[in-house]
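These protein sequence lines are chains R and X, in that order. If you count by this note's numbering, then the first sequence holds residues 6 to 339, one letter each, in order. If you count by this note's numbering, then the second sequence holds residues 6 to 339, one letter each, in order.
In case anyone wonders, no lab produced these hints; they're calculated from the structure. Mixed in with the good hints, there may be bad ones.
Put simply, identical chains are the same to the list, so a pair is met inside one copy or across any two.
Claimed, not checked - Okay, derived cross-link-like pairs now, DSS-like style, lysine-lysine, Cα gap no bigger than 27 Å in a straight line: (1) K256 with K203; (2) K216 with K256; (3) K95 with K126; (4) K190 with K83.
There are 2 protein chains.
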Amino acid sequence: MRIVLDAMGGDNAPAAVVEGGVMAAREYGVEVVLVGRREAVEPELARHDTQGLSLPVVHASEVIEMNEHPALVARTKKDSSMVVGMQMVKRGEADAFVTMGNSGGALAVALFHLGRLKGIKRPALGSVFPTSGNPAFLLDLGANTECKPEYLVQFAIMGSAYAEHVLGVRNPRVGIVSNGEEEGKGSQLVQEAYPLLKASSLNFIGNVEGKDVPAGLADVVVTDGFTGNVLIKASEGVASLILGVLEREIKQRPLSMLGALLAKPAFRAAKRTLDYTEFGGAPLLGVDGAVIVGHGRSNAKAVRSAVRVAKKTVESNVLDVIRAGIAASGTAEE
Amino acid sequence: MRIVLDAMGGDNAPAAVVEGGVMAAREYGVEVVLVGRREAVEPELARHDTQGLSLPVVHASEVIEMNEHPALVARTKKDSSMVVGMQMVKRGEADAFVTMGNSGGALAVALFHLGRLKGIKRPALGSVFPTSGNPAFLLDLGANTECKPEYLVQFAIMGSAYAEHVLGVRNPRVGIVSNGEEEGKGSQLVQEAYPLLKASSLNFIGNVEGKDVPAGLADVVVTDGFTGNVLIKASEGVASLILGVLEREIKQRPLSMLGALLAKPAFRAAKRTLDYTEFGGAPLLGVDGAVIVGHGRSNAKAVRSAVRVAKKTVESNVLDVIRAGIAASGTAEE
Numbered sequence: 006m007r008i009v010l011d012a013m014g015g016d017n018a019p020a021a022v023v024e025g026g027v028m029a030a031r032e033y034g035v036e037v038v039l040v041g042r043r044e045a046v047e048p049e050l051a052r053h054d055t056q057g058l059s060l061p062v063v064h065a066s067e068v069i070e071m072n073e074h075p076a077l078v079a080r081t082k083k084d085s086s087m088v089v090g091m092q093m094v095k096r097g098e099a100d101a102f103v104t105m106g107n108s109g110g111a112l113a114v115a116l117f118h119l120g121r122l123k124g125i126k127r128p129a130l131g132s133v134f135p136t137s138g139n140p141a142f143l144l145d146l147g148a149n150t151e152c153k154p155e156y157l158v159q160f161a162i163m164g165s166a167y168a169e170h171v172l173g174v175r176n177p178r179v180g181i182v183s184n185g186e187e188e189g190k191g192s193q194l195v196q197e198a199y200p201l202l203k204a205s206s207l208n209f210i211g212n213v214e215g216k217d218v219p220a221g222l223a224d225v226v227v228t229d230g231f232t233g234n235v236l237i238k239a240s241e242g243v244a245s246l247i248l249g250v251l252e253r254e255i256k257q258r259p260l261s262m263l264g265a266l267l268a269k270p271a272f273r274a275a276k277r278t279l280d281y282t283e284f285g286g287a288p289l290l291g292v293d294g295a296v297i298v299g300h301g302r303s304n305a306k307a308v309r310s311a312v313r314v315a316k317k318t319v320e321s322n323v324l325d326v327i328r329a330g331i332a333a334s335g336t337a338e339e
Numbered sequence: 006m007r008i009v010l011d012a013m014g015g016d017n018a019p020a021a022v023v024e025g026g027v028m029a030a031r032e033y034g035v036e037v038v039l040v041g042r043r044e045a046v047e048p049e050l051a052r053h054d055t056q057g058l059s060l061p062v063v064h065a066s067e068v069i070e071m072n073e074h075p076a077l078v079a080r081t082k083k084d085s086s087m088v089v090g091m092q093m094v095k096r097g098e099a100d101a102f103v104t105m106g107n108s109g110g111a112l113a114v115a116l117f118h119l120g121r122l123k124g125i126k127r128p129a130l131g132s133v134f135p136t137s138g139n140p141a142f143l144l145d146l147g148a149n150t151e152c153k154p155e156y157l158v159q160f161a162i163m164g165s166a167y168a169e170h171v172l173g174v175r176n177p178r179v180g181i182v183s184n185g186e187e188e189g190k191g192s193q194l195v196q197e198a199y200p201l202l203k204a205s206s207l208n209f210i211g212n213v214e215g216k217d218v219p220a221g222l223a224d225v226v227v228t229d230g231f232t233g234n235v236l237i238k239a240s241e242g243v244a245s246l247i248l249g250v251l252e253r254e255i256k257q258r259p260l261s262m263l264g265a266l267l268a269k270p271a272f273r274a275a276k277r278t279l280d281y282t283e284f285g286g287a288p289l290l291g292v293d294g295a296v297i298v299g300h301g302r303s304n305a306k307a308v309r310s311a312v313r314v315a316k317k318t319v320e321s322n323v324l325d326v327i328r329a330g331i332a333a334s335g336t337a338e339e
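Construct the complete structure from the given sequences, taking the supplied hints into account.
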């Protein structure tokens, strides 16, 4: 399998990306194509032992920066690592594309250069979300600020396919985010999407409130990109707030410091359960190609996980499952 | 000062509510009127030492249950503790009303029996939100699922007055929740509210993302009731997820158990920083009377805090400040 990695994307590029790519090539036995400025990528690659690994470098002279306007760059920066990398997927020269860069940029480049899967109205960005049980899969995280009810139904079909075939959840429970549990509660969008989801062949369990997402009540959590973005970023923020406050309070007390030292294995295990770097990247679902977008702050470990997610995405043929699900749902025709 | 407490509201009523009312009467030197079924309230009251405290019981034969439909009950349950209590405020027989009951019911009863403050288009439910610094004030939490841009401006005026006069924040920074920091990012609602907020006399700092709320970037965080509800409930859920996972991992390891025991003072201090029971109730802003709605799961300590919030709300004359702010803003006339 050949996975293209955007060596220039993310806050820690290219160093952490190259390091993560080397780790992934070694651990998962895949070919990792590093796309980016040759003069920046090759010195990083030279710092690692890559004997026996397949890590070709493909030169791309431009970089889509984190703050650039997505729609503009997709058309103009034709020699950027994102465009060059996705073109390889388009031409069948690679199986998947992975980036830690500008997620709006990745969406725009994917739409322009890969196009949508047949019948898909809007692609969505999804991510696993830690819960006390199996991680949930949440989408959309921001690809679509404004949504129509039928988009949410398609997100649910895509999310359900991903949860089942990539995450290994059998008959995933699908919930829609709302500000109340009962049917009839929620924004106009939720109220209109609810009956469509209920009528679908999905395992729809109804509304889920904000607290139900980390509680693991649903395996697939569907919402518009505005709400999903706020939900996941607030969750990240609350997690760092809690760990930060705890650390501050521990550091003020010598006995607590000692206690925290003794409890370190438990802290580490808890952190692992909750750590996004373990889960890897967020799939961009609904475009005609496997595209994984990692967190901009990804370290090497998170990059490695993103490549693992890409590998699983390809192996599971989830794109074919989505294609079939959309065709069978009747949502493609409207 | 006389504060009416809905003895029948909340999951732990009347026991925890009465206990919290007794604590508040003792600690804050206020008169706490307990409204509810005399036969349920008086036995609870008899369990406490109330010598020297003013804790009259006012009988109300009906109860608005947690799952009842707000609009219906406000008109029909005329002898419910919520209606009887708010009527006392309306007639000037009490200074504030506090309930741990059905928040939608409280809103409906307040709208019907107290009415709106002059010029207010929609009342909003607000709450403090823990951050690593001073708590932020977030509104709306669910009173208004669908909002118009001018509602958000009024929420910002009310929230700013509350943060300044009740929470003691000087010149509070006002942010609007969005899925991107830059001006122009966000839903149509956010994009339309942004210039209105920018043109106001408030200390508007622009968009805040989900992660910025717990980080304490803004003192007043304005959003529609759908997003606010999801944001605060997800935050609560993530907090209990993290503490739950941590506890589970600690309990699996004897050495970590010992460590956690030693670190207990730090844990306790951290929990205090993050604990909603310390902050007390959420004010219902924009109705013509001081109304505080506590968490349904409130224990006695949380009830006591809610009474304290009510007392501060009355003392600060924040309703007059809001009245003046709305009049000066020009948002009342449209």
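Consistency of the hints with the structure:
no.	hint	in the structure
1	K256 with K203	neither (51 Å within a copy, 41 Å between copies)
2	K216 with K256	between (30 Å within a copy, 24 Å between copies)
3	K95 with K126	within (20 Å within a copy, 53 Å between copies)
4	K190 with K83	between (46 Å within a copy, 25 Å between copies)
Against the hints set out earlier in the document, a violation occurs for number 1 only.
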